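> Build out the structure end to end from the sequences listed, making use of the hints.
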Amino acid sequence: MTKFSVGAAAGLLVAAAGLLTIRAQDPLEATDQPELSVSDPSCTFFGRDHDKFVAALSDTRAASHLTEDVVSKLGSAKKIMTDANYASVLFPSAPGGSRTDALQNPMVGIIDKYIFQKLSEENVAPAPATTDFEFVRRTTLDLTGRIPTPTEVVNFVNDTASDKRAKLVDGLINSPQWLDKWTIWLADLLDNNRQNDLGVVRFPQGVSAFNGFIRTSLQQNKPYNQMAKEMIAATGLNSYQQGELNFLPGYVMGGGPIQDVFDLQAASVAEKFLGLAHLNCLLCHNGRGHLDALSLWGYNKTRTEAYGMASFMSHTFTSQQRFDANNNNVYYWGLQNNVAPNTTVGLARNNGNNYTLDYSLNTQTGNRPQRGNVGTTTRVRPTYIMNGALAPVGSDYRAFLADQVTSDFQFSRTMVNYMWEYFFGIGLVSPSNQFDPMRLDPDNPPTDCPPSMPCTLQASHPRLLNELAQSFINSNYDLKALMRQMTNSRAYQLSARYDGVWNEANERLFARKLVRRLWSEEIHDAIVQSSGVPATYTNAAWNPTTVNWAMQLPEPLGTGPGTFLDPFLRGNRDDEPRRGDPSIAQALALMNDGFVMTRVNSTATTTTLAQALRLPDDQAVTTLYLTVLSRYPSPTELATAVNNLKNTNATARTQEGRNLLWSLYNKVDFIYNY
Amino acid sequence: MNYITNKKKQRDSSVEFCRLHPHRFRSFLDRPDISRRAFFQLAGAGLTGSFLLPRASAVTAGQVLNSGMLTQNSAKKVIFIHLTGAMSHVDTLDFKVTNGVTPDTFAPNTVNGVAWPVGLLPKLGAHLGDVALVRSVTSHALVHSLAQTWAQVGRSPVAALGDIAPNVGSIVALEKEKERTASQKFPAFVALNAAAASGQGYLNASYAPFQVTPRAGAASITNTTNSNGQTTFSTMYSRLGQYDGAMRAQAPYGADLKDMDKLYSAARDMMYNPVVDAAFTVSNADSFRYGNGTAGTNFGNALVVAKQALAADQGTRFVQINFGSWDHHQNIYAANVLPAMAQQLDNALGALIDDLKASGRFGETLIIMMGEFGRTPALSAAAGRDHYSIQSVLFAGGGVTGGKVIGATNATGSAIADFGWAGSGSGVKRTVWAEDVEATMYSALGIDWTTIRYDDPFLRGYEYVPFAKDGNYGPIKELFT
Chain Y
1 MTKFSVGAAA
11 GLLVAAAGLL
21 TIRAQDPLEA
31 TDQPELSVSD
41 PSCTFFGRDH
51 DKFVAALSDT
61 RAASHLTEDV
71 VSKLGSAKKI
81 MTDANYASVL
91 FPSAPGGSRT
101 DALQNPMVGI
111 IDKYIFQKLS
121 EENVAPAPAT
131 TDFEFVRRTT
141 LDLTGRIPTP
151 TEVVNFVNDT
161 ASDKRAKLVD
171 GLINSPQWLD
181 KWTIWLADLL
191 DNNRQNDLGV
201 VRFPQGVSAF
211 NGFIRTSLQQ
221 NKPYNQMAKE
231 MIAATGLNSY
241 QQGELNFLPG
251 YVMGGGPIQD
261 VFDLQAASVA
271 EKFLGLAHLN
281 CLLCHNGRGH
291 LDALSLWGYN
301 KTRTEAYGMA
311 SFMSHTFTSQ
321 QRFDANNNNV
331 YYWGLQNNVA
341 PNTTVGLARN
351 NGNNYTLDYS
361 LNTQTGNRPQ
371 RGNVGTTTRV
381 RPTYIMNGAL
391 APVGSDYRAF
401 LADQVTSDFQ
411 FSRTMVNYMW
421 EYFFGIGLVS
431 PSNQFDPMRL
441 DPDNPPTDCP
451 PSMPCTLQAS
461 HPRLLNELAQ
471 SFINSNYDLK
481 ALMRQMTNSR
491 AYQLSARYDG
501 VWNEANERLF
511 ARKLVRRLWS
521 EEIHDAIVQS
531 SGVPATYTNA
541 AWNPTTVNWA
551 MQLPEPLGTG
561 PGTFLDPFLR
571 GNRDDEPRRG
581 DPSIAQALAL
591 MNDGFVMTRV
601 NSTATTTTLA
611 QALRLPDDQA
621 VTTLYLTVLS
631 RYPSPTELAT
641 AVNNLKNTNA
651 TARTQEGRNL
661 LWSLYNKVDF
671 IYNY
Chain S
1 MNYITNKKKQ
11 RDSSVEFCRL
21 HPHRFRSFLD
31 RPDISRRAFF
41 QLAGAGLTGS
51 FLLPRASAVT
61 AGQVLNSGML
71 TQNSAKKVIF
81 IHLTGAMSHV
91 DTLDFKVTNG
101 VTPDTFAPNT
111 VNGVAWPVGL
121 LPKLGAHLGD
131 VALVRSVTSH
141 ALVHSLAQTW
151 AQVGRSPVAA
161 LGDIAPNVGS
171 IVALEKEKER
181 TASQKFPAFV
191 ALNAAAASGQ
201 GYLNASYAPF
211 QVTPRAGAAS
221 ITNTTNSNGQ
231 TTFSTMYSRL
241 GQYDGAMRAQ
251 APYGADLKDM
261 DKLYSAARDM
271 MYNPVVDAAF
281 TVSNADSFRY
291 GNGTAGTNFG
301 NALVVAKQAL
311 AADQGTRFVQ
321 INFGSWDHHQ
331 NIYAANVLPA
341 MAQQLDNALG
351 ALIDDLKASG
361 RFGETLIIMM
371 GEFGRTPALS
381 AAAGRDHYSI
391 QSVLFAGGGV
401 TGGKVIGATN
411 ATGSAIADFG
421 WAGSGSGVKR
431 TVWAEDVEAT
441 MYSALGIDWT
451 TIRYDDPFLR
461 GYEYVPFAKD
471 GNYGPIKELF
481 T
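So the protein lines, in turn, are chains Y and S.
Everything in the first sequence is counted per the working numbering, starting at 1 for the first residue and increasing by one.
Everything in the second sequence is counted per the working numbering, starting at 1 for the first residue and increasing by one.
Keep in mind that a hint or two might mislead.
Claimed, not checked - Label pairs and their calculated CB-CB ranges: (1) S/ALA358 - Y/GLY352: 53 to 63 Å; (2) S/GLY62 - Y/GLU122: 17 to 27 Å; (3) S/ASP104 - Y/THR356: 48 to 58 Å; (4) Y/LEU357 - S/THR98: 37 to 47 Å; (5) Y/ALA125 - S/ALA182: 30 to 40 Å; (6) Y/VAL330 - S/VAL97: 34 to 44 Å.
These are computed hints drawn from the structure, not numbers from a lab.
Nothing here was measured: the structure is a model prediction, and the numbers come from that model.
Each residue gets a CB set at the ideal place from its N, CA and C atoms; glycine is no exception.
So this is what it looks like as structure tokens:
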């Protein structure tokens, strides 16, 4: 963050004030404003208090206030808004929808090719393109979980470069906030919880280590196949130190034989990395008679074939490493291969189980139906269900499985689809963890389906899915490249506004952007950022021990201000997934929770509201809209707010300012990413 | 532990297999609900329109079917008390005297024909003529979190649809929505001191447990008052209308914005609402009365709120209260362990039954109290009791015949000696499972427990009680005769 001298700060504030005046009051002429004296209270904003404020937030994007960049950009732009042209400035109707040309290129890449081709075939008109205001807010939220600062909004809108959208995406993808957001996204996918309903406990240290593994991988832009391999094939004895050791222990279940653990671990690998939740069904029973209406692949698979997948786990001793002799309730998790019975590995004793033999078919009890010999077969060799590949005797089974999984085309398809579901609202295959591999190839459409299943391709855009998957492979599983590809597409950049009658059935055509309610953490962080009132959460067991943003909380269970965060359904990475539906409790939280009200009512001089209220009414309103909603107020909105602020004494004006800030936090265009 | 001990039975019943199989699959992003979007999401998954389920019944996505069971329909509302941590059954509802072990202060006696720890649970003892005890209940699992979820969703949390299974209270909220009137402002499903309660599963968030932490002398619902005071809040809310009314009405970005506006109206209705305040505020007098006479307890306060919220007739039909912790592995008889917990339980539950009977609402209110499992009949080396699969469940009100004891364990409480009920229809006498308790709740409320909703994300069909249509689980009819 640039540090200002007091003198320079004063000048900048003058410029800011003047420009806001131009925008709001005098559209035709810019006039110079008298220079503020150094002792003017407004100057503290850019002076001593400002630095303190920034230090408190310890985040370069925390200060939402107007900076010198905004000022200079506003100065050159001299945008003119009147009631008459307001709509065309904010919602331009010109083709492409932008004041720049980025979107006027007809179509970019495979996403647009297939999305617009299908829209055309179905004779469904796409929504208009996003305005710059819509785009900068949407993309900043989707990629970093934050709202853009006013500086970023204004800089972006006023940039005249033709590639400014791509540049924005690049900048966001390389920001520290991107790391926060995608660490959470992957931790959600990989069920990184402190404890789950199977009774598995990772402890806060394990959760932090798992987050650390994800975060470091993202930071290095580690190819996703590499990341997956490291988790599937992990070995080691200290899950607090070695983050990737935390994945497989999450699926240890008691109350049954060791095969139950192998089964659930294999099923989880299949679900997370191959989108094949149905493997879990097959580990109890053949697909026929159970998956007939759901999956042609599942319908054709047997329990014995599924055992082949579980067998990859059969040489793995998932152990609790009890490092404190006086406390059995703390331990690391360890994963070791080929452990003989009655041996000790690290700090764990393996009593009866033989992890040097393949998956045994002899069980009487447990959580799954009895396993029995198949003919003369009493043990199942590790066999990859998609191609029959057999792990060589004596090899590292999980390493073999990791290679098979990550070199499977379905691996790429699965991540591409999860990502699509996030950016576009619905997966190309949905639900995104229930792929039917036999209904995915448009050049080889399904045949011989059971009567209960329509013999159709599963994906809404089958060729797009496959080509995206191929392109993900070609990029060497580059997650950043995949995100660039999606967010730079014209399809992603369609507006959520839709002219004419909207047919819900067209959602899967992606004719408009489907809004999503902000995540719990996103709403929290948007309020912290835009109010200028910081938040601090500390726990000695976390690494780092103190965080200032909800997006940096290590897990959703019992962290941060629960009365505010929990109603927004952040999930628990176990039996309650993150979700986006609205509720009464959310409205109550946004209207009344202490987290919001202390920020609305703060009497600190450094808050956005305090700074804004030092400006004339119209500028104050504009500042708040830009800071909270990432857009300018419409003339009607401006007039309404100014009318409430004007001719009031200082106390009443402060309260009206608070009313406005509070209303902005409760506005539907704050709550949703549109 | 062995869940399946009878090999023959296991082979005979594929249902027995399925009941226990651990499916863990869901989308980690948004779980579909029965919103507009979800329906089309499903339709697009290649399952458009009519399809055939494995059991060859033709159903359509979104359809809700049942087999037309005759329900008990004797209760309007439920108070579900979940004793988390698992209460020792042999010290309480299935009291066994062990010489040299049972403390003298428990004052063993026979009340209403039932062996009872009069010193431990005097008030409940005085109400034995009003409550029914089922002593032949077995839990499927002995892991706290797993078994607690099991008790709330009535199925294995790791079985088919287990991950997306709604809390029984959410299903009740959904089923009773048709009886709701416009003037009713309370959430249908209220969870008291139950932050860890199972949620609405795949259903819409409007059926979610509405979390309240009751407090004495103050309004209990989080965020129904604003720190700026009512007058200022009214101004703020009217400003919100000025600033956001147009966007909410026009919803330029889609219908979700309108949905949110409706929820704001509902939220506003709950604020500064004397009816809400009256129902969710615990007076000090009531708090003390449900407590120990001179001080309140969290559990007592919760029962006061449960009573008041249901009496308000504002649409609340299901109240879940979590009360723990009963996980007494060590020194169970120390004064601050089981006796302290039991006293809180006894004072509060005794007062609740008194009040419900006095107000004439006992008959319409079904009370169910259960833990996730029981505790070992033998005292451990640490003078505690560990996890055990057998427990007793208390039923009262809502048409339940008071004074009944259904089922019996052996002399030590270690095994079931008499199931005490006819079973769920297959003619086989057997233990009572959490699924049967769930079916009993539904039946008492007039909800067909065999209902299957074909609106779940897998279109597999969400069974209110798993395999109930095959008679594998069902209500304990003996409670009502």
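> Do the Cβ positions of Y/ALA125 and S/ALA182 conform to the proposed distance bound of 30 to 40 Å?
38 Å, holds
> Indicate whether the distance between the beta carbons of Y/LEU357 and S/THR98 respects the range 37 to 47 Å.
45 Å, holds
> Could you say whether the range 34 to 44 Å given as a hint is met by the Cβ separation of Y/VAL330 and S/VAL97?
With Cβ atoms ~39 Å apart, the hint holds.
> For the pair S/ALA358 and Y/GLY352, does the Cβ-Cβ distance stay inside 53 to 63 Å?
59 Å, holds
> Between S/ASP104 and Y/THR356, does the beta-carbon spacing fit 48 to 58 Å?
Given range 48 to 58 Å: holds, Cβ gap about 56 Å.
> Kindly confirm whether 17 to 27 Å is satisfied by the beta carbon distance between S/GLY62 and Y/GLU122.
At roughly 23 Å between Cβ atoms, Y/GLU122 and S/GLY62 fall inside 17 to 27 Å, so the hint holds.
Violated hints for the displayed structure: none, as all numbered hints are satisfied.
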